[in-house]
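Note that the protein sequences, when read in sequence, are chains A and B.
With positions in the first sequence counted from 1, the corresponding number in my numbering is that position plus 200.
With positions in the second sequence counted from 1, the corresponding number in my numbering is that position plus 200.
Incorrect hints may have been included.
In this list, chains with the same sequence are indistinguishable; a pair is considered to hold if it fits within one copy or across any two.
Unchecked claim - Here are the computed lysine-lysine pairs in the DSS-like style, where the Cα-Cα straight-line distance is at most 25 Å:
1) K316 / K481
2) K231 / K521
3) K454 / K230
4) K533 / K327
5) K327 / K396
6) K243 / K481
7) K231 / K518
8) K435 / K486
9) K521 / K377
10) K481 / K492
11) K231 / K454
12) K345 / K435
13) K481 / K315
14) K486 / K431
15) K349 / K518
16) K518 / K230
17) K486 / K316
18) K243 / K349
19) K454 / K315
20) K518 / K533
21) K454 / K396
22) K330 / K349
23) K243 / K518
24) K591 / K481
25) K591 / K369
26) K243 / K327
27) K243 / K345
Keep in mind the hints are simulated off the structure, nothing from the lab.
There are 2 protein chains.
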Amino acid sequence: MQIMKEVIETGDFDFYPVEHHIIDSSTDGKKVEIKWSDGHLSKFHFIWLRDNCPCCIHPDTREPIFNIVSMPDDLLIYSVSTTQEGFLEVIWSGEPHTSYFHPGWLRSHCFDLLKKPFPEPLTWDSKNKKEPDRFDWNEIISDPKTERKWLYSLVETGCSIIQNVEPSKNGLIQIAKRIGVIRETNFGLTFDVEAKTGPDTAAYTEIGLPPHTDLPTREYQPGLQLLHCLKNSVKGGESILVDGFRVAEEIRLKEPETFDLLTSVPWDFGNRSTLTDYRWKTPMIKLDNNGKIEEIRVGNFLRVPLQIDFDLIEPMYKAYKLLETLNHDDRFKLRFRLEQGECLIIDNRRILHARDSFDSSTGERHLCGCYIERDELWSSIRMIERRNRQKRMNSALNQ
Amino acid sequence: MQIMKEVIETGDFDFYPVEHHIIDSSTDGKKVEIKWSDGHLSKFHFIWLRDNCPCCIHPDTREPIFNIVSMPDDLLIYSVSTTQEGFLEVIWSGEPHTSYFHPGWLRSHCFDLLKKPFPEPLTWDSKNKKEPDRFDWNEIISDPKTERKWLYSLVETGCSIIQNVEPSKNGLIQIAKRIGVIRETNFGLTFDVEAKTGPDTAAYTEIGLPPHTDLPTREYQPGLQLLHCLKNSVKGGESILVDGFRVAEEIRLKEPETFDLLTSVPWDFGNRSTLTDYRWKTPMIKLDNNGKIEEIRVGNFLRVPLQIDFDLIEPMYKAYKLLETLNHDDRFKLRFRLEQGECLIIDNRRILHARDSFDSSTGERHLCGCYIERDELWSSIRMIERRNRQKRMNSALNQ
């Protein structure tokens, strides 16, 4: 079959081990039904198959060039069958076009077997978690399994600590680049958290910081924050984490009316500076379309005067007081000391971070931080899984 | 009054010209009521005033240090009055604390006078708009009024062209830095849009690009896109813009069921690459909590196989077909030629951009682009307004 050589088998750059074979295919005039060698059945709509025809892509970029605008509403097929190579062959009606679908690709897109791409967050409090999971930097870069475990841990728990990192800005950047592109802000590509003269934010003082997310003042809070410890010999300055999702769950359960306020009434965030004036107005707890807790935004020192319906002022302050009381409650806090050479990574849209005040006269405390979007984390995990699929395919071919 | 010298008058770094004076103040036991010299009345809740006490801030950063957790639920005041300097004086009950509120600051925060910070989007189609508004780069950097007009135009129309920009990457970066921090992506801090060998996205070929937003594959699409024309001598390659909000409005009006699908059923976006695997799943049209159109996400070539409820496949393709048909309809398109030295800026969460195919053998076409978050635009506008308030204050003082 000459045509098989011309098509790019799956239309993307991924790998699809063939673990089941198509043993039968049929159509009801709207969908194609496939019977697999393990007895499983899959169904695919004509329009979905036509859209995903693996040859209707740009040959270099493999991006789709299928144009739905020119498609008839009543798309029909002439025939469906299985090729000698085990591909699903669909000959389209009304246009001189045939599509060949790779069995591994088809199976992995079966609508009855769709899996969530990532594990759900495992929320925690001080009862079921004592410290962020720890990983060794050298193991991460030398052992793909450790790297995978580290990244999944970050998705599930929203935090992790990497140990044995070079205690320098360069050490931080190495970790960041391992995940992806750094998101620069007005504080720089990276920023130094230490007691400074003329600080432009509370982080750059010795005072304790209440649990907060970073840059709630922006339309989009940074997804991940890295805080790498270059020096920490001061008295005080312990690190504190709070799982904002866990606190929100508690409020939802015990104070549903407060939860409604926190998820529906906007709150005014803003920075104070002579150079910039970033503000964002949005509820402190954000739900997705299905009512699932999606994002937390808190920063007591990153607020500007609340400007909402006058009658909501008192209820909202009451709601804020409850939220802040829980955020400060030891029941929810992990407290630990970040040591030199340890890099803390947190999901900044879920995990609040805080620190105890410290006394600069007793030593030095210097963290170096940066932000990364969560897309980079998720892309990294997908690429690890892709390489694992590639290995499985290669080892199957070598057997 | 010695204490007045010790407090920072307004607790922030902003300027509040005093255009009205407090002539009376009173309380009903829960709120303070103020009568102004122009007869206007303002009311403020105790808790709101206490939270915004201008001395409860860090002296350097001016960030709030007020802690609501330690506040009693039944906050009371001992007295309210006006000082000789015209400040509102509130003596708190139950703690040895007095707050002094600047009259200009108070008036500008009156709940009955709250204004939207920015104008609403003025949506457009090819009937009421022919080209993006054009501004001259030298005027922008030399005349604050032109700069202000340019930035507001960008907020309202979602697009603008700056002319007479140095046709180089440096020219692009100058404009970007004028607004704020560049958002780097896997395509770089800046990226070159030209026909390349071994392109990793459709933009880097000669083919026409359908109307799309950039990076719909990310959790957060970049807010602003800058596309600066370094060279354009080819045949073809005209630029096209579509106001995605306008198209969405039309669908809402004429096809409400389709609108419901497009705003509620997620759609699968993804890139195709050997190096990264960015994906995001979300409805193509995003509404805010009040049902207002907030964001558009479209990119025919930036999709991965749709994985939603099986029964929604056909309705969603039908909805997508309608959306794409309108996105390609001349009724909605601005078509213009970007000339050397012109920089196009668009709101990438609202405006779709496209280009006609071109023929590299007829000349050169080279755009240089980058992304910026919209926060930077809004902060720039606020800073311009702040400087204008400062000027008004200074000129009042000099009279």
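Against the structure, the hints come out as follows:
1. Taking CA atoms no more than 25 Å apart as the test, K316 paired with K481 passes between copies only; the shortest distance there is 11 Å, against 31 Å inside one copy.
2. For the homomeric pair K231 and K521, the shortest alpha-carbon distance between copies (19 Å) is at most 25 Å, but the shortest distance inside one copy (55 Å) is not.
3. In the homo-oligomer, the alpha carbons of K454 and K230 never lie at most 25 Å apart, since the shortest distance is 49 Å inside one protomer and 28 Å across protomers.
4. For a Cα distance limit of 25 Å, the shortest separation of K533 from K327 inside one copy, 9 Å, qualifies, whereas the shortest one across copies, 58 Å, does not.
5. In this assembly of identical chains, the alpha carbons of K327 and K396 never lie at most 25 Å apart, being 36 Å within a copy and 56 Å across copies at closest.
6. Taking the closest pair of Cα atoms, K243 and K481 come within 25 Å of each other only across two copies (22 Å); inside a single copy the shortest separation is 45 Å, beyond that limit.
7. In this assembly of identical chains, the alpha carbons of K231 and K518 lie at most 25 Å apart only when taken from different copies (16 Å versus 55 Å within one copy).
8. For a Cα distance limit of 25 Å, the shortest separation of K435 from K486 qualifies neither inside one copy, at 37 Å, nor across copies, at 48 Å.
9. Taking the shortest Cα distances, K521 and K377 never come within 25 Å of each other, neither inside one copy (39 Å) nor across copies (39 Å).
10. Taking the closest pair of Cα atoms, K481 and K492 come within 25 Å of each other both inside a single copy (20 Å) and across two copies (15 Å).
11. In this assembly of identical chains, K231 and K454 lie within 25 Å of each other by CA distance neither inside one copy nor across copies; the values are 48 Å within and 30 Å between.
12. Proximity of K345 to K435 under the C-alpha cut-off of 25 Å is found in neither arrangement, the shortest distances being 37 Å within a copy and 52 Å between copies.
13. In this assembly of identical chains, K481 and K315 lie within 25 Å of each other by CA distance solely across copies; the values are 14 Å between and 35 Å within a copy.
14. For the identical chains of this complex, K486 and K431 are neighbours neither inside a copy (36 Å) nor across copies (44 Å), given an alpha-carbon limit of 25 Å.
15. In this assembly of identical chains, K349 and K518 lie within 25 Å of each other by CA distance neither inside one copy nor across copies; the values are 41 Å within and 41 Å between.
16. With identical chains, the CA atoms of K518 and K230 are at most 25 Å apart between copies only, with a shortest distance of 14 Å across copies and 56 Å within one.
17. Taking identical chains as interchangeable, the C-alpha atoms of K486 and K316 lie at most 25 Å apart whether they share a chain (21 Å) or sit on different chains (22 Å).
18. In this assembly of identical chains, the alpha carbons of K243 and K349 never lie at most 25 Å apart, being 34 Å within a copy and 55 Å across copies at closest.
19. Proximity of K454 and K315 under a CA criterion of 25 Å is satisfied in neither setting, with 32 Å inside one chain copy and 36 Å between copies.
20. Proximity of K518 and K533 under a CA criterion of 25 Å is satisfied intra-copy only: 22 Å inside one chain copy versus 49 Å between copies.
21. In this homomeric assembly, K454 and K396 never come within 25 Å of each other (Cα to Cα): the closest approach is 42 Å inside a single copy and 59 Å across copies.
22. Within a single copy, K330 and K349 get their C-alpha atoms as close as 19 Å, which meets the 25 Å cut-off; across copies the closest is 54 Å, which misses it.
23. For the identical chains of this complex, K243 and K518 are inter-copy neighbours only, at 19 Å across copies versus 52 Å inside a copy, given an alpha-carbon limit of 25 Å.
24. For a Cα distance limit of 25 Å, the shortest separation of K591 from K481 qualifies neither inside one copy, at 47 Å, nor across copies, at 28 Å.
25. Taking CA atoms no more than 25 Å apart as the test, K591 paired with K369 passes in neither setting, with 35 Å inside one copy and 42 Å between copies.
26. Taking CA atoms no more than 25 Å apart as the test, K243 paired with K327 passes in neither setting, with 46 Å inside one copy and 45 Å between copies.
27. For the identical chains of this complex, K243 and K345 are neighbours neither inside a copy (35 Å) nor across copies (61 Å), given an alpha-carbon limit of 25 Å.
In the structure shown, a violation is registered for the earlier hints numbered 3, 5, 8, 9, 11, 12, 14, 15, 18, 19, 21, 24, 25, 26 and 27, in ascending order.
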